[in-house]
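Peer 1: Residues per chain, in single letters:
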Amino acid sequence: MDWYTILIIAHIVGVALGVGGATFAEVNLVYAKRDGEISPDENALMQSTYAVLRLGFFLLVLSGFGFLLYYRLSGAEELLYSSALWAKFAVIGILSASAVLMQLRLIPLLWGSAVSITSWYAALVLGVFARGDVNSSYVTIFSIYALAVVTMYYILQLIHKKFVPHKEH
Amino acid sequence: MTAPLTYALIAHVLVGVLAIGLTHLVFMHFLRKTPSWKYLRSLAGWATIGFLGSWASGAYYYVVYYGKAVKPVILKGAYPWAHQVIMEAKEHIFIMLPFMSLALWFLILVLEKQQDDKIKKAVRNLALTILLFGAFIAGAGIIISGAARS
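Sequence lines, in order, name chains A and W.
Position 20 of the first sequence, counting from 1, maps to 20 under full-length UniProt numbering, and the rest follow consecutively.
Position 131 of the second sequence, counting from 1, maps to 131 under full-length UniProt numbering, and the rest follow consecutively.
It is worth saying that the hints were derived from the structure and are not from the lab.
Quantities reported herein were computed from a predicted structural model and do not represent experimental measurements.
No residue lacks a Cβ here, since even glycine has one placed at the ideal position from N, Cα and C.
Treat the hints with care, since some could be wrong.
Said to hold, decoys possible - If you only want the chain W side, here are some residues facing chain A, beta carbon under 8 Å, derived:
1. 10
2. 17
3. 142
Unchecked claim - Away from chain W, derived, C-beta distances all over 10 Å, residues of chain A:
4. 8
5. 78
6. 96
7. 99
8. 136
Please build the complete structure, drawing on both the sequences and the hints.
Peer 2: Rendered as structure tokens:
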């Protein structure tokens, strides 16, 4: 097996763990909050999901840099000019920053979740685009991403309104 | 490029990214109310070793190969600022990183023995600064690689 194949496998595993982890993190959160409080078991399940997310992120970033090295060493630097690739860098940067901001409680949980889920799915889609013939500009790709984040926020708000009971004061 | 130079470049990038990842973990762990100091110390120690490893392998690549073979290509290419601005900034910031990381490890050692909220906040900010510098250096590396197209 050559290095390129190993990188592709590591990258796909990273994205799969991230997309699955982000989806299940939200599903678990909604399930856990349905009865109004999060039990220790539910908390443990969510923590394990976050661990999977972190592992996925780590694999994604490490294999991503592996690809960049591969392009550099094989003289294929022109691939670094792909707008989809740069949009993916930005999305991964936003994903990383949102994780920090969520931990610092500087952004609302629902916005953090919307950014996390959308970013992971965007990383998946952009990964496919970066290897294909899609020539959309950086601004177009990023505008669609921003719109997707806002849409995801309202979808999550609807889901939370439907399934999570509101505390009465 | 010879095999040792190729390995040096690979080590520079991957070990550096690992060190940034470990510093990210240090910062995130610092946000907890009751961090595990032993775990933090271990993470910061490995991050320092990683930064030193990336530093040494990057220095070897830079001194032996970059100046002679890559820098002239960038300066003649469409993006000479990739060397003139980005690389110059990168190499100067990178000089500080292993020492900042070593200071982080040492301060965690201090916090482990004597807990103080003000010091804890300052050390957390140091971890964030290292993380941001590391992210800049990683991004700068991508830009420099892209500009080395002949």
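Peer 1: Would you list, in rising numerical order, the hints stated earlier that this structure does not obey?
Peer 2: Structure breaks hints 5, 6, 7.
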